[in-house]
Amino acid sequence: MHIGKVVGTVVATRKDENLTGCKLMITQPLDSFKKPIGDTIIAVDTVGAGIGEIVVYTKGTAARIGANRLDAPIDASIVAIVDNVDVYNDLLE
Amino acid sequence: MHIGKVVGTVVATRKDENLTGCKLMITQPLDSFKKPIGDTIIAVDTVGAGIGEIVVYTKGTAARIGANRLDAPIDASIVAIVDNVDVYNDLLE
Amino acid sequence: MHIGKVVGTVVATRKDENLTGCKLMITQPLDSFKKPIGDTIIAVDTVGAGIGEIVVYTKGTAARIGANRLDAPIDASIVAIVDNVDVYNDLLE
Amino acid sequence: MHIGKVVGTVVATRKDENLTGCKLMITQPLDSFKKPIGDTIIAVDTVGAGIGEIVVYTKGTAARIGANRLDAPIDASIVAIVDNVDVYNDLLE
Amino acid sequence: MHIGKVVGTVVATRKDENLTGCKLMITQPLDSFKKPIGDTIIAVDTVGAGIGEIVVYTKGTAARIGANRLDAPIDASIVAIVDNVDVYNDLLE
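Residue numbers (the numbering used here), protein chains in the order written: chain A, 7 to 99; chain B, 7 to 99; chain C, 7 to 99; chain D, 7 to 99; chain E, 7 to 99.
Hints may contain errors.
The list treats identical chains as interchangeable, and a pair is accepted whether it falls inside one copy or across any two copies.
In silico EDC-like pairs for lysine to aspartate or glutamate, Cα to Cα no more than 16 Å straight-line [what the hints assert, rightly or not]:
#	residue 1	residue 2
1	Lys41	Glu23
2	Lys29	Glu59
3	Lys41	Asp92
4	Lys40	Glu59
5	Lys40	Asp92
6	Lys41	Glu59
7	Lys29	Asp89
8	Lys40	Glu23
9	Lys29	Glu99
10	Lys29	Asp92
11	Lys40	Asp77
12	Lys41	Asp77
13	Lys40	Asp89
14	Lys29	Asp96
None of these hints come from the bench; they were simulated from the model.
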């Protein structure tokens with residue numbers, strides 16, 4: 007899984023019927039210091055994440071498991087809202 | 007999932023029989039500001055996407071689910087047409 | 007899926023028994039203008055692709071589906087031979 | 007699989023119920039000389055790994071197998087604690 | 007699949023019980039000219055590959071199929087030993 011920040015939403019009227027009701031959140035991957043890394047992805051919210059929140063997202067089949075929608079074309083979903091990230095900086099060197 | 011733009015098509019007569027009838031769309035990945043990022047991929051259209059449209063595509067097993075063709079060798083498919091992308095720019099910093 | 011060009015073959019006598027009879031093609035990923043991008047991969051041919059041909063390859067479980075060998079350790083396969091790639095250049099800007 | 011070092015933890019109260027009890031470890035990928043490469047990921051501990059330990063982690067469906075939680079939205083898990091890495095340097099040239 | 011060279015081993019006493027007996031080989035990805043590309047990975051040997059040998063490795067579910075251990079947390083395995091790589095250099099330009 008990865009840490010990310012919810013930075014926006016995608017609105018799509020014409021879509022796969024199994025995505026109906028899914029909130030498509032634009033999610034910015036973050037490093038362990040909460041700095042942006044790489045490009046945003048679209049993840050389906052499964053835990054009530056709001057704009058600006060730091061979250062954990064998962065990819066692949068795990069994303070459909072998290073969304074409890076095994077028959078939906080989902081490859082990324084938000085599965086936790088982060089309270090705290092504890093990193094031991096000296097271990098990163 | 008990712009945001010992309012349909013920029014072309016691939017024509018292939020000799021192909022896996024389970025790809026018959028699939029529209030192979032050349033899709034350019036976009037960032038949340040709709041700027042191109044990285045190289046194009048080929049995604050199967052499942053929602054009637056046309057050339058130039060901004061779409062959401064999905065990868066892996068999710069792509070076969072979206073195409074409703076679990077027995078086809080598909081690893082990317084277009085599953086939504088984007089009406090709007092709402093990004094909170096200040097959150098990206 | 008991605009566009010690629012078959013640029014060689016791998017010969018391997020000692021291998022997984024479920025790869026017996028599989029043609030292991032060295033495949034160079036291409037962008038939509040047929041220029042090489044990134045490093046070559048090994049994909050199993052499933053459509054009679056020859057050296058120098060432009061093809062579509064797929065990855066992951068889709069590759070085993072394309073090869074019709076769900077019990078083989080295949081993670082990439084060639085599933086179509088490209089007749090034509092139509093790209094609208096102005097859409098890429 | 008990849009070699010990594012456990013450098014921290016993520017605390018998340020609101021999360022997928024199938025993540026309850028999972029320890030979310032911030033894991034720094036390492037090269038074979040134990041130097042950091044790329045960005046940290048979040049992997050679920052399955053072998054009692056502690057902060058600072060060198061581990062082997064796995065991704066995708068393998069991660070859920072390692073965690074023995076096929077119904078949890080896990081896409082990375084720690085499956086071994088490294089005693090030793092033996093690399094033949096001259097082979098890397 | 008990809009071409010790689012076995013450059014070392016990982017020793018791990020504390021590990022997932024389904025990894026017992028698996029040889030964890032440090033494998034350096036190679037391009038089609040057998041030059042190193044990118045960082046090493048850990049792949050489970052399934053064909054008796056030795057240190058220094060050029061191999062084909064596979065990733066994801068294919069790796070568990072190759073290892074014949076669908077219940078092990080394996081995401082990469084060595085499935086062939088390379089006798090020869092035939093590349094048509096002029097096709098790479």
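So, going through the hints one by one against the coordinates:
no.: 1; hint: Lys41 - Glu23; in the structure: neither (35 Å within a copy, 28 Å between copies)
no.: 2; hint: Lys29 - Glu59; in the structure: within (15 Å within a copy, 21 Å between copies)
no.: 3; hint: Lys41 - Asp92; in the structure: within (14 Å within a copy, 21 Å between copies)
no.: 4; hint: Lys40 - Glu59; in the structure: within (11 Å within a copy, 23 Å between copies)
no.: 5; hint: Lys40 - Asp92; in the structure: within (11 Å within a copy, 21 Å between copies)
no.: 6; hint: Lys41 - Glu59; in the structure: within (13 Å within a copy, 24 Å between copies)
no.: 7; hint: Lys29 - Asp89; in the structure: between (22 Å within a copy, 14 Å between copies)
no.: 8; hint: Lys40 - Glu23; in the structure: neither (34 Å within a copy, 24 Å between copies)
no.: 9; hint: Lys29 - Glu99; in the structure: neither (38 Å within a copy, 23 Å between copies)
no.: 10; hint: Lys29 - Asp92; in the structure: between (29 Å within a copy, 13 Å between copies)
no.: 11; hint: Lys40 - Asp77; in the structure: neither (33 Å within a copy, 28 Å between copies)
no.: 12; hint: Lys41 - Asp77; in the structure: neither (34 Å within a copy, 31 Å between copies)
no.: 13; hint: Lys40 - Asp89; in the structure: within (12 Å within a copy, 30 Å between copies)
no.: 14; hint: Lys29 - Asp96; in the structure: neither (38 Å within a copy, 21 Å between copies)
Checked against the numbered hints given earlier, the structure breaks hints 1, 8, 9, 11, 12, 14 and satisfies all the rest.
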